[in-house]
Each structure stands twice: as C-alpha cells, then as structure tokens.
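**Student:** Here's the letter readout for the chains.
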Amino acid sequence: MPSDTPQFEERGGWGQRVINFLHGNPTVIPLLVLVIGLAIFSMIVGKRFFHPFNLSLVLQQVTVIGMLALAQTLIILTAGIDLSVGAIMVLASVVMGQLALTYGWPPELALVAGIAAGGICGALNGLFITLLRLPPFIVTLGTWSIFNAVVQFWSGGQTIRQQEIAATAPILQWTGTAMQVGAARLTLGSILMLGLAVFLWYMLNRTAYGRHIYATGNDAEAARLSGINTRRVLFSVYLLAGGICGVAGWVLIGRIGAVSPLGGASANLDSITAVVIGGTSLFGGRGSILGTLIGALIVGFFRNGLALAGLDVLWQEFTIGCLIIMAVGFDQWLRRIAA
Amino acid sequence: MKKNSWLALGGAVAALCLSLPAAQAQDKEILVGLITKTDPNPFFYKMREGAEAKSKELGVKFQAFAGKFDGDNDTQVQAVENLIAAGASGILIVASDTKAIVPTIQKARDAGILVIALDTPLEPMEAAQATFATDNFHAGQLIGEWAKRTLGDKAADAHIAFIDAHESQPTVDVARDQGFMDGFGIDTKDVNRRGDEDDPRIVGHEMGEGSEVGGRNGMETLLQKNFDVNVVYTINEPTAAGAWEALKAAGKDDGSVLVTSVDGGCPGVKNVADGVIGATSMQFPLLMASLGVEAIVEHAKNGTVPEPSEGLTFTNTGVKLVTDKPVEGLESITSEEALKECWG
Amino acid sequence: MTPILSARDLRKSYGRVVAMDGVDFDLYPGEILGVIGDNGAGKSSMIRALAGALRPDSGEIRLNGEPVRFTSPMDARAKGIETVFQTLAMAPALTIVDNLFLGREYRKPGLRGSLFRMLDRGRMRAEARKHLSDLGLATIQNIDQVVETLSGGQRQGVAVARACAFGSRVVILDEPTAALGVKESRKVLDLIRDVRSRGISIVLISHNMPHVFEIADRVHIHRLGRRIAQVEPSQISMSDAVAIMTGAMQPPPNSISQEP
Numbered sequence: 001m002p003s004d005t006p007q008f009e010e011r012g013g014w015g016q017r018v019i020n021f022l023h024g025n026p027t028v029i030p031l032l033v034l035v036i037g038l039a040i041f042s043m044i045v046g047k048r049f050f051h052p053f054n055l056s057l058v059l060q061q062v063t064v065i066g067m068l069a070l071a072q073t074l075i076i077l078t079a080g081i082d083l084s085v086g087a088i089m090v091l092a093s094v095v096m097g098q099l100a101l102t103y104g105w106p107p108e109l110a111l112v113a114g115i116a117a118g119g120i121c122g123a124l125n126g127l128f129i130t131l132l133r134l135p136p137f138i139v140t141l142g143t144w145s146i147f148n149a150v151v152q153f154w155s156g157g158q159t160i161r162q163q164e165i166a167a168t169a170p171i172l173q174w175t176g177t178a179m180q181v182g183a184a185r186l187t188l189g190s191i192l193m194l195g196l197a198v199f200l201w202y203m204l205n206r207t208a209y210g211r212h213i214y215a216t217g218n219d220a221e222a223a224r225l226s227g228i229n230t231r232r233v234l235f236s237v238y239l240l241a242g243g244i245c246g247v248a249g250w251v252l253i254g255r256i257g258a259v260s261p262l263g264g265a266s267a268n269l270d271s272i273t274a275v276v277i278g279g280t281s282l283f284g285g286r287g288s289i290l291g292t293l294i295g296a297l298i299v300g301f302f303r304n305g306l307a308l309a310g311l312d313v314l315w316q317e318f319t320i321g322c323l324i325i326m327a328v329g330f331d332q333w334l335r336r337i338a339a
Numbered sequence: 001m002k003k004n005s006w007l008a009l010g011g012a013v014a015a016l017c018l019s020l021p022a023a024q025a026q027d028k029e030i031l032v033g034l035i036t037k038t039d040p041n042p043f044f045y046k047m048r049e050g051a052e053a054k055s056k057e058l059g060v061k062f063q064a065f066a067g068k069f070d071g072d073n074d075t076q077v078q079a080v081e082n083l084i085a086a087g088a089s090g091i092l093i094v095a096s097d098t099k100a101i102v103p104t105i106q107k108a109r110d111a112g113i114l115v116i117a118l119d120t121p122l123e124p125m126e127a128a129q130a131t132f133a134t135d136n137f138h139a140g141q142l143i144g145e146w147a148k149r150t151l152g153d154k155a156a157d158a159h160i161a162f163i164d165a166h167e168s169q170p171t172v173d174v175a176r177d178q179g180f181m182d183g184f185g186i187d188t189k190d191v192n193r194r195g196d197e198d199d200p201r202i203v204g205h206e207m208g209e210g211s212e213v214g215g216r217n218g219m220e221t222l223l224q225k226n227f228d229v230n231v232v233y234t235i236n237e238p239t240a241a242g243a244w245e246a247l248k249a250a251g252k253d254d255g256s257v258l259v260t261s262v263d264g265g266c267p268g269v270k271n272v273a274d275g276v277i278g279a280t281s282m283q284f285p286l287l288m289a290s291l292g293v294e295a296i297v298e299h300a301k302n303g304t305v306p307e308p309s310e311g312l313t314f315t316n317t318g319v320k321l322v323t324d325k326p327v328e329g330l331e332s333i334t335s336e337e338a339l340k341e342c343w344g
Numbered sequence: 001m002t003p004i005l006s007a008r009d010l011r012k013s014y015g016r017v018v019a020m021d022g023v024d025f026d027l028y029p030g031e032i033l034g035v036i037g038d039n040g041a042g043k044s045s046m047i048r049a050l051a052g053a054l055r056p057d058s059g060e061i062r063l064n065g066e067p068v069r070f071t072s073p074m075d076a077r078a079k080g081i082e083t084v085f086q087t088l089a090m091a092p093a094l095t096i097v098d099n100l101f102l103g104r105e106y107r108k109p110g111l112r113g114s115l116f117r118m119l120d121r122g123r124m125r126a127e128a129r130k131h132l133s134d135l136g137l138a139t140i141q142n143i144d145q146v147v148e149t150l151s152g153g154q155r156q157g158v159a160v161a162r163a164c165a166f167g168s169r170v171v172i173l174d175e176p177t178a179a180l181g182v183k184e185s186r187k188v189l190d191l192i193r194d195v196r197s198r199g200i201s202i203v204l205i206s207h208n209m210p211h212v213f214e215i216a217d218r219v220h221i222h223r224l225g226r227r228i229a230q231v232e233p234s235q236i237s238m239s240d241a242v243a244i245m246t247g248a249m250q251p252p253p254n255s256i257s258q259e260p
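Protein chains in written order, with UniProt numbering: chain A, 1 to 339; chain B, 1 to 344; chain C, 1 to 260.
Keep in mind that the hints are not guaranteed to be accurate.
[Claimed, not checked] Residues from chain A shown here face chain B by an in silico Cβ test under 10 Å; the list is partial:
#1 61
#2 148
#3 164
#4 168
#5 170
#6 171
#7 256
#8 257
#9 261
#10 304
#11 317
#12 321
[Claimed, not checked] Some chain A residues well away from chain B (every beta-carbon gap over 10 Å; in silico):
#13 17
#14 18
#15 32
#16 34
#17 57
#18 64
#19 120
#20 128
#21 160
#22 176
#23 199
#24 209
#25 252
#26 320
#27 330
Hints are computed from structural coordinates only; laboratory data are not their basis. All C-beta atoms in this analysis are idealised placements derived from N, C-alpha and C, irrespective of residue type, glycine included.
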C-alpha cells in the first residue's frame, strides 16, 4: 500500500531551508536589527546607554505609541490600515477629562466612558468598511478628520492641567504611576501595554479567532470559502482596535499628566512605523505582536541612542526612514520568492 | 415628463447663476477672513474668538479657515482663494509656510484685499501690507534675562536644556530660542540660525513639536545627556508641562530647575502659580485678532493702511513677563494679575 | 441505484445572462465523475450550486435521495460535500495545520476551551499528520511549515487532504491539475484514485481531456447551461466527446439517462 501512494518530494537545499525558516519566523529580522542596534549604541554611547534606567526610560517613551501600534497590528494583519488611531486616542482622553472635570462624572465612570468612546469610534470605522465596503484607507482618513473635529469641539482647544486632574480624578493619571525596580523605573502604563501585548499574542496564536484574523488578511476569499465570516472578523477587529486606542488615551494621560488636544497628529504614522519595522506586512496576514513590540523598541532605542550619541534630530528621522524602507523591502522579497 | 423636469432644473440652475453675481454686487457688507495654522490649538482658537467677537461688534461678516496640520500650505492657499472668490475685504493670516504662501497673498492683494499677517511675519515681510505680531525675540529675551538674574553668579556654570518645536527651524521657533540665549548672555552666533552656538552651558536642543508628549520625551533625553540640567527653555507652555512631568519623574521637581516658556495661555499661567513654570512671556492673540479686524474695517471704509510700531517693521501687540518670583530691574506681572489677561 | 448527489432542473440567471438552464446532475456512490464543457458553458455555476456557494433560482438538489437546501459552503460541508476550489482556498502565510482546520478548529476540552477559547493544537497536529500520511503526503515533514513554501502539487495535496479529512462523502475537485507540471499532475491523479478507493465519490472538473478520460468512470458533458450528455470513456473517443461539448456533433441517443 505505501508503495502505491503518491509521493511528493520536499524542495530541499540549505537556502530553501533558510527561506522556509524566515517564512515561519519573520520576527527574527527585526529582532536582529534590535540586537545589532543595541550593540552599536552601547559601543558609541557607552555604559549610560545600557543602564537599566535608560532602558526603562525608552520603554516608557514607547508605551503610548506601542499601545497604538498593537491596535494597528490587528488592523494591518487584516490587510487594512487605520489612520485614525491617534485621533481616537486623543478623543478618548478628552472624553475622560471633560466628563470627569467639566461635567463632574465620577472619575471611574468617566474612564470607562472614554474607553467605550474609543470602541465606538472603532466600530464606526468597522461599519463603514464592512457594511458600505469602503476601503479602510479612505474611511479612516475621513474619520481621522471627524474625530479631530469632535476633539476640537469638545475641548475648545483647551488643555486640562495636571494639577486639576490630580485634585479631582487621580485615577486618570494612574497609568503614570512609577515603580522602582532596582535602577529601572516601570510605569503602570508600560506594564498595561505589555500585559495587553501578551493578551493579544494569546488571542492571535492560541485561539481560532486569531487564526481567522490572519486568514482574512492573507486571502479574504479563501477565508470566506473556508467558512469564516470575514465581515464579522473585520468589524470586530476595528471595534477591538478602537477600544485599545481608548485605553491608550488613558495611558497618554498618565504619561503627560494632562489632557491635551495636541499631540495625536504624528501618532498615526508613528504607530504604522512601529508595525512595519516590526516585520508585519502591509499586505496583511503576515506579522506578529512580538514583532510590533520589537519595532516600537527599535524606534525608541534608535532615537534615544542617536540623541545620546549627540547626533542632530535630523539623523534620527533619517535612520527611521531607512529602517522602514528596509523592512518593507524585506517583506516584498519574502513574498516574491514565495510565489 | 423626465425631459420636463430636466428643463425645469436647468432653468433653476441658470436663474441661480444669474442671480448670484447680482446678489454679490448688491451686498456691500464687509467680509473679514481669518486663516490660522491648525484648529486644535488654544492660541488659534482664542484668535478666532477675538476676531469673531470684534466682527460682531462692528457688524461685519466673518469667516474662519484653518490648515489641517502645522505646515499645511495647500489648505491655506485654498482658503485665500475662497476668500478672494467670496469678495472679502480683508484677510488675517497666520501663515504655515511663510514663503510658499506669498504668491497667493499677492493674488489677494491684486484683488484689492487688505492682507494682514498675524503672529508670524511673512517672508519677505512686505508681502503683507501689515503684520500684527508678538516680538518673539523679545519674548525670549525676557525669560532668558529672568533666568540669568535669578541664578545670579551661578549663571556662569548653568546647564541649559532647550526644547524647541521643529527641526525645520521656523522663524518663531528660532526667534524665541535665540532671544532666550541673548537674554541669558549666550553668544548666538548667527541670530537666524539655531544650533550653531558653542557655549558649553548648552546641554542640547530637542524637538518637542509644541506638545506635552514631545516636551516629556525631549526633557527625558536631555536629562540622560546631562542630569545636572538646572535651566529649561521651552518653546511653549504645553511643552513646559510635559518637561515638568519628566523632571518630576527624575525627582528634580524640588525647585532646583528653572523652567521657562512663552505664550501666556491660561493653563500656562496657572502652572506659573503652581510653581511648575518659573517664568513665561505672555503674548496677546486676542488683541492681534481684534486689532486686525479693526484695521480691515478701517481700510474698507477709508482706505487707511496700519502703520508699524516705532522702531519695528511690524505692529507689536506686546509681551509681558509673568512670574511669581520677580527679579530686580525686570518688569513683570504676577500670575494672579496674568490670569485676568490670559487666553485659552 | 440511488445517486449519492443529484440535481434536477437547476436554474439561475443574472439579468439576461443564463448561467444554469435546467441543469440535471447525477453522481453515484464510489465513482469518479468527470465534468467537461467549454468555457462559459456554466460548469462552475453548477459546481458552486452543488457546493453551496451559489443559490439557484429554482430546482432541487438531493443528497442520498433526500432533498437538501444549501445556503453556504458550510451547509454543504456539514452534509459531507467538500470542494477543492481551483484557487485552493488556502491562506498561503498560514501553516499546513492552520489551513487544514481553518474555519473548524478544535478547542481544548474543559474550561481552557470554553472560557479561554484555547485551541487544541496537539490534537490538530496529530490529526493533520495522520491525514497527510494516509494520503501518502508523509514526505511533508514539517506540518508547521507555511503553505506558500510548498510546491504546487504539495499544495494541491494538502487541499485534497483537507477535503477528505472531515468524514466527507463527496469531494468536488475544480481543475486540480491546471497549474501543475506533468510529474506533479500524475501524482495528483494517483491521489484522486487513492481517495476514491476509500469510498469517497469524486466530481472532477477539468479541461484536460486525457486526464479525465484516464481516471473518470463516467463523463458529464455540459453545454449551454445544461447537461447535454453522460458518456463512459470506454464507449466514446476523446475527439467525439469534444465534438459533443462544442456542438459539432449530436450526443448519442439515451446518453442522458445513463446509469453506471
């Protein structure tokens, strides 16, 4: 019997095996970039760079963008894009601040309402994309403007100061609470971000829903024919991403102490940068949460390292740009040799 | 039936087209346009409020436009074009790109519109008939001098951190920064260029994009470069608030660091009262806007063009130093007094 | 003998375009039925109707003599009709195991499965390995390999394995050899025979006449939106079949109601 059955030979060779490995583990490349980057900076900058305080500082600096990048990862895995994540984050923080301070809601309720507002924004994106079948790029470009306008309308362009929040709604600043671990300082916001990353990793890799997100982004028609309700998957992903942006709004308040209508503008692109450098493909279905964390850390460490090395800000931007091109180029190469 | 309804629609459109120019010609009402950089910024928000209130008071029509982001020239060009088409009498503009907007401004002037630059002078300055602005160099000088006098002898070995806005070195950004240096007694070298100084007291320049997040990130990086920082210059008050969070996290919120800023927004003034900001230079956006509206109405009625302040190339709308730790020889107002005049 | 899967008078039109014009179809237990027809003859509409991916305007589908109504591919699949689409419907960046169980993953027993929705990866991998080696695809050593690193024949093999894995009675194969070279085509044909030997009925849609005539027990000839003839490969020449398919020749008498 076995001799009758058809046999397919496996394509062999050392090069092929490396390629197969990279296909299965695309996170290896950003990890390598991070390790090499750290090595170079520790040589140039010296002890200061590897000091636990500096390392934990970079983690703090990437926490807000990292949070948005986690949400962005989910969306990019479905072959979508969300240009409104930064606006949703600011909107959520403004909702929290306004409800708690201007409208006198109990701070806990204001917090929940802010996160819910993020979820509603995400659901709105999801509705436009799944119900009206509009391209995510256009939809989120539109909602980005809309959410910004709502922020402007609600806040009146006003900052709510750190002292006022500390006096009436300290829970909004909870994510900024720092803990001393040896020489390192960890904020609860960073821990929240890492916890969320673990949760999302579990969801993507250990549940059927996670596999469906990958399949939907990789080949929506194939996923549909396999019995996956791709529209439901898409909608739920935008909803979830919106909720995460809402939590990011909370982390943002902890980071800057205040509620400010400023500062969300560059966050959209920064989140996409982290995702792309982390090896997640803009064409969907390929990438990982761990990669995004590494991507965010690469951006953080390169900025920090270049600044400590005394280089001008221009070179930080230049280097990040090069990393983006390299990451996208690598993804294209991987996809081409697969075909 | 279908044909008829098309005909009716065509007739209606034609009638509308004919009546529009007629309506415009009849309507001799004065229209004032305000174009700002971005919407989500209390400074511009206040400007708009001021212009709107003044327009109402004088009984003229008012229309406001804003760019989508700082540096968004295209949207401002469109706004100017729209105002020309709408037959505006005058335009108040806070230019995002002070050079690129100039040809469009010329078009407006050719159409007989009075153009006044607010807050930021155009390049060249004569591109607008008048400029109503804060003397940003002087605003920087005031806080620089305050810091120097407060430190006294210790100013000679201060460690100064600079958190500016953008690496593209916009004029306002550079003027405040260089003004601070001038006031503090640092050789600015080229006064139109930031970063060419070699004074060892400068710890470094970081770009905070004028926001809290940027202020905190920038301060953290500069503290990593030199933990002994004892003077901080910030481009505006949100940046100062962000920098303060970083100082607090580093345990340097005990008053050992002098934080200085420019703007005079209400949250900023309250931060002076709370000891977060040592001193800030207050500017008057509401005044800029309302003076601008007045000038346009004046021009529309009898053709007068506003004259620049004495000794300056623009109309100075004034700067006041706000601090609760006044120093001798430097005029200042307290945060309590400032709270009555603050904006945003 | 009752057909395992049959259809009577299926109709479907899109505006003025008639995709199915009274289609009849019969598949008998344990046979390989070849389906041939010119491009645009409406084969794929019929197949999609049988697979649950298209709802006919009218007509009846029977499974083992019982009337059935499919509203989605999942419906058909639940009744034991699996389809291997020409595109294979696999997510190339996912692993073999992920693809085999896509849309019908196993969850861990107990709280881990119900509350934490945890996948039972051990069980899925064990079953995947078993199915692949049953079909002689054991040479694919690493079932955690992503599908896009497989050769065309291997991918087809995995897709067939997926169709066979879930206790199905009917497997519909849409152009399984179209994208393959000679050597790999041969292996896929062997694979199809192998599946049949396990008691599964097979519908093979193909443009490749030699392949159809080599392995089909009967051939369903489709023309202008319906079945025009059923023939046995041993009774008719390949060129005659093509002539019937293109309308150059009248089908032989009694060829419609033919049974094996």
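**Student:** Just to be careful: measuring from the Cβ of residue 168 of chain A to every Cβ in chain B, is the smallest value less than 10 Å?
**Tutor:** violated (15 Å)
**Student:** Given residue 171 of chain A was flagged as interface, is its beta-carbon under 10 Å from a beta-carbon of chain B?
**Tutor:** violated (17 Å)
**Student:** Confirm or reject the statement that residue 209 of chain A sits farther than 10 Å, beta carbon to beta carbon, from all of chain B.
**Tutor:** holds (33 Å)
**Student:** Going by Cβ atoms only, is residue 148 of chain A closer than 10 Å to chain B?
**Tutor:** holds (6 Å)
**Student:** Taking 10 Å as the cut and beta carbons as the points, is residue 32 of chain A off the interface with chain B?
**Tutor:** Residue 32 of chain A is indeed farther than 10 Å from all Cβ atoms of chain B, at 25 Å.
**Student:** Beyond 10 Å from chain B, beta-carbon-wise, is residue 252 of chain A?
**Tutor:** violated (7 Å)
**Student:** Tell me if residue 256 of chain A is really an interface residue toward chain B, meaning its C-beta lies closer than 10 Å to one of theirs.
**Tutor:** holds (4 Å)
**Student:** Taking 10 Å as the cut and beta carbons as the points, is residue 330 of chain A off the interface with chain B?
**Tutor:** Its Cβ never comes within 10 Å of chain B, the nearest being 28 Å, so this holds.
**Student:** Let's test the interface hint: is any C-beta of chain B closer than 10 Å to that of residue 61 of chain A?
**Tutor:** Constraint on residue 61 of chain A satisfied, holds at 6 Å.
**Student:** Under the criterion of a CB-CB separation shorter than 10 Å, is residue 257 of chain A in contact with chain B as hinted?
**Tutor:** For residue 257 of chain A, the interface hint holds, since the closest Cβ of chain B sits about 5 Å away, which is under 10 Å.
**Student:** Does the closest beta carbon of chain B sit nearer than 10 Å to the beta carbon of residue 317 of chain A?
**Tutor:** holds (7 Å)
**Student:** Can we confirm that no CB of chain B comes within 10 Å of the CB of residue 64 of chain A?
**Tutor:** violated (7 Å)
Violated hints, in rising order: 4, 5, 6, 12, 17, 18, 21, 22 and 25; the structure is consistent with all others.
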